[in-house]
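Student: Here is how the chains run, residue by residue.
2 protein chains.
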Amino acid sequence: MSQTVDRALSILPLLAEGPADLGQVADRLGVHKSTALRLLRTLHEHGLVYRQSDQRYRLGARLFALAQEAMENLDVREIAHPHLVRLNESCGHTVHLAVYEENEVLYIDKVESRYPVRMYSRIGKPVAITVAAVAKLLLADLPEHERRAVAEKLDYPTYTARSTPNAGAFLRELEKVREQGWATDLGGHEESINCVAAPIRGADGRVVAAMSVSAPNVVVTADELLTLLPLVRRTADAISGEYSGRTPVNYPA
Amino acid sequence: MSQTVDRALSILPLLAEGPADLGQVADRLGVHKSTALRLLRTLHEHGLVYRQSDQRYRLGARLFALAQEAMENLDVREIAHPHLVRLNESCGHTVHLAVYEENEVLYIDKVESRYPVRMYSRIGKPVAITVAAVAKLLLADLPEHERRAVAEKLDYPTYTARSTPNAGAFLRELEKVREQGWATDLGGHEESINCVAAPIRGADGRVVAAMSVSAPNVVVTADELLTLLPLVRRTADAISGEYSGRTPVNYPA
DNA sequence: CAGCGGTGTTGCACTGTCTGCAACATTCAT
DNA sequence: ATGAATGTTGCAGACAGTGCAACACCGCTG
Numbered sequence: 001m002s003q004t005v006d007r008a009l010s011i012l013p014l015l016a017e018g019p020a021d022l023g024q025v026a027d028r029l030g031v032h033k034s035t036a037l038r039l040l041r042t043l044h045e046h047g048l049v050y051r052q053s054d055q056r057y058r059l060g061a062r063l064f065a066l067a068q069e070a071m072e073n074l075d076v077r078e079i080a081h082p083h084l085v086r087l088n089e090s091c092g093h094t095v096h097l098a099v100y101e102e103n104e105v106l107y108i109d110k111v112e113s114r115y116p117v118r119m120y121s122r123i124g125k126p127v128a129i130t131v132a133a134v135a136k137l138l139l140a141d142l143p144e145h146e147r148r149a150v151a152e153k154l155d156y157p158t159y160t161a162r163s164t165p166n167a168g169a170f171l172r173e174l175e176k177v178r179e180q181g182w183a184t185d186l187g188g189h190e191e192s193i194n195c196v197a198a199p200i201r202g203a204d205g206r207v208v209a210a211m212s213v214s215a216p217n218v219v220v221t222a223d224e225l226l227t228l229l230p231l232v233r234r235t236a237d238a239i240s241g242e243y244s245g246r247t248p249v250n251y252p253a
Numbered sequence: 001m002s003q004t005v006d007r008a009l010s011i012l013p014l015l016a017e018g019p020a021d022l023g024q025v026a027d028r029l030g031v032h033k034s035t036a037l038r039l040l041r042t043l044h045e046h047g048l049v050y051r052q053s054d055q056r057y058r059l060g061a062r063l064f065a066l067a068q069e070a071m072e073n074l075d076v077r078e079i080a081h082p083h084l085v086r087l088n089e090s091c092g093h094t095v096h097l098a099v100y101e102e103n104e105v106l107y108i109d110k111v112e113s114r115y116p117v118r119m120y121s122r123i124g125k126p127v128a129i130t131v132a133a134v135a136k137l138l139l140a141d142l143p144e145h146e147r148r149a150v151a152e153k154l155d156y157p158t159y160t161a162r163s164t165p166n167a168g169a170f171l172r173e174l175e176k177v178r179e180q181g182w183a184t185d186l187g188g189h190e191e192s193i194n195c196v197a198a199p200i201r202g203a204d205g206r207v208v209a210a211m212s213v214s215a216p217n218v219v220v221t222a223d224e225l226l227t228l229l230p231l232v233r234r235t236a237d238a239i240s241g242e243y244s245g246r247t248p249v250n251y252p253a
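The listed protein sequences derive, respectively, from chains A and B.
Those letters in the first sequence? Residues 1 to 253, per full-length UniProt numbering, in order.
Those letters in the second sequence? Residues 1 to 253, per full-length UniProt numbering, in order.
A hint or two may mislead.
No distinction is drawn between identical chains; accordingly, a pair holds when it is met within one copy or between any pair of copies.
Said to hold, decoys possible - Restricting the straight-line Cα-Cα distance to at most 20 Å, the calculated cross-link-like pairs of lysine to any residue (SDA-like) are:
hint, residue 1, residue 2
1, K153, G47
2, K33, Q3
3, K153, W182
4, K125, Y50
5, K125, D75
6, K153, E45
7, K176, G47
8, K125, E78
9, K33, M1
10, K176, D141
11, K125, G23
12, K125, H46
Derived by calculation from the structure, the hints in this document are not laboratory data.
Between the sequences and the hints, there should be enough to build the whole structure, so can you do that?
Tutor: Written as structure tokens, this is what we have:
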């Protein structure tokens, strides 16, 4: 809608692929170097772009800070966090929290038992939307026409033999998930990984987020993991209650 | 330099404070509503801004993704990471990795032993630049005039009684750090937390990053923490060697 | 239910800002 | 030294962005 801003913002994903110099940026934008220069300068002033010692441009620090703040303003996340930790303590497996936004599902929190360090490598990254248990829950709650529209638009990569093959199968799965109020992913993304997930609902009953417990086959079988379902649902319900204001937290004093 | 882009980008930090509606955005930008609308729309198309159900605008998901990718493209981080993990395994304390960029020092990696989950709450956030051990190392390496300029510009908040009080004291501290090649923060940020830090240097000898080990008084005294200094320095040197290409990693096959 | 204030949205004429050019500066390689 | 490649500046012209005013759309309230 606004050409100049549009061009400027197009620079960001471009730089996300790796550092680039003025010429490259200008070329890929299809504008004159001087134009690219001015755009980059503006981005630079706002700290979104950084000029490294070899003069090439990189994404800048402010970007982290912004993403940070945005994250902290997600109140579901804040409320859910202690619950996720408690769940993780009691079962030991990886716990995820995810939301849906504009045709994407993304993790906004994660508690991992064994490899704490890998954590942020996933937070913020889009989820395998056609197979992930949390994605099913979030999409299943969309109004039907929207659900259809999204399902048609998606790609259906065959991660494993159990991956959702196409839109039809996906919509049927969503219908099932919608009815039962929980979801699973049994080796649909990675052969040896299973997940159980439950929805978190706002005051109006709409699904605002979803949480899941994941574990590899070698630790627990799918059946064993399923025995955790009641616990997962209880946790999700507790978060729902708190989020929607039904279960006010008691603040000290 | 570019008015339109400038205005558009000014919206981001504004929204970082919390969701806002069209009117508020227009007011704070000092532009007409229709103008703000067009800017927001453009930001929206790029996924940087999201419109929540109550019509207010929030920072969007793409921002996370961008920050993610930017992060992954920092090669120091990638090289350093396994070393940080190893250090953490051998001493058990929190390990940080930080870089300097445009008057800010920010953590780009962290390995924490006890509370793995808190991790990302810090990564990406600017560091307390006047007291943090890593910040001292990074600033100490700037050319003198620049160092002076930065030191003068900074605020010197009194986090604790041991915080750096003013530019003069800071510059003297930097001089000391510069000479000895390592730095500490003994309760300068939080009364009970101490840190030891060492610099990571590129091929040209310039400091490209800094790493530190932090631990609360209750776990180890400052003196005990200082005994880790040789280990920290060795780790930093190992990273430096690999980063600058002096210690090529052996890839299989 | 009509009328009202508060939103967000659209179309349009004007003008001010962005554009591309061409000339200049700088760095590096040969 | 000479040249090529890259980044930078100033400028005139054009077009994209601006603000206005009118419209559409709520949810309120009397």
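Student: When no copy is specified for K153 and W182, does a C-alpha distance of 20 Å or less occur within a copy, between copies, both, or neither?
Tutor: neither (24 Å within a copy, 55 Å between copies)
Student: Is the C-alpha distance from K33 to Q3 at most 20 Å within one copy, between copies, in both cases, or in neither?
Tutor: both (16 Å within a copy, 18 Å between copies)
Student: Which holds for K125 with Y50 at a C-alpha limit of 20 Å: within a copy, between copies, both or neither?
Tutor: So K125 and Y50 pass the 20 Å test across copies only (16 Å; inside, 22 Å).
Student: Between the shortest in-copy and the shortest cross-copy C-alpha distance, which are at most 20 Å for K33 and M1: within, between, both, or neither?
Tutor: Cα proximity of K33 and M1: across copies only (15 Å, versus 22 Å in one copy).
Student: First find the shortest C-alpha distance between K125 and G23 inside one copy, then the shortest across copies, and answer within, between, both or neither for a cut-off of 20 Å.
Tutor: neither (29 Å within a copy, 32 Å between copies)
Student: Taking 20 Å as the upper bound on the Cα-Cα distance, should K153 and E45 be classified as within, between, both, or neither?
Tutor: between (37 Å within a copy, 17 Å between copies)
Student: At 20 Å max between alpha carbons, let me know whether K125 reaches D75 within a copy, between copies, both or neither.
Tutor: Answer is both; intra-copy 19 Å and inter-copy 19 Å each pass.
Student: State whether the alpha carbon distance between K125 and E78 is at most 20 Å within one copy, between copies, both, or neither.
Tutor: Both: 19 Å inside a copy, 18 Å across copies.
Student: Which holds for K176 with D141 at a C-alpha limit of 20 Å: within a copy, between copies, both or neither?
Tutor: within (11 Å within a copy, 61 Å between copies)
Student: How would you classify K176 and G47 at a CA-CA limit of 20 Å: within, between, both, or neither?
Tutor: neither (47 Å within a copy, 31 Å between copies)
Student: My question is about K153 and G47: at a cut-off of 20 Å on alpha-carbon distance, are they close within one copy, between copies, both, or neither?
Tutor: The answer is between: 18 Å across copies meets 20 Å, while 35 Å in one copy does not.
Student: Taking 20 Å as the upper bound on the Cα-Cα distance, should K125 and H46 be classified as within, between, both, or neither?
Tutor: The answer is between: 16 Å across copies meets 20 Å, while 24 Å in one copy does not.
In terms of the numbered hints stated before, the structure departs from hints 3, 7, 11, listed from lowest to highest.
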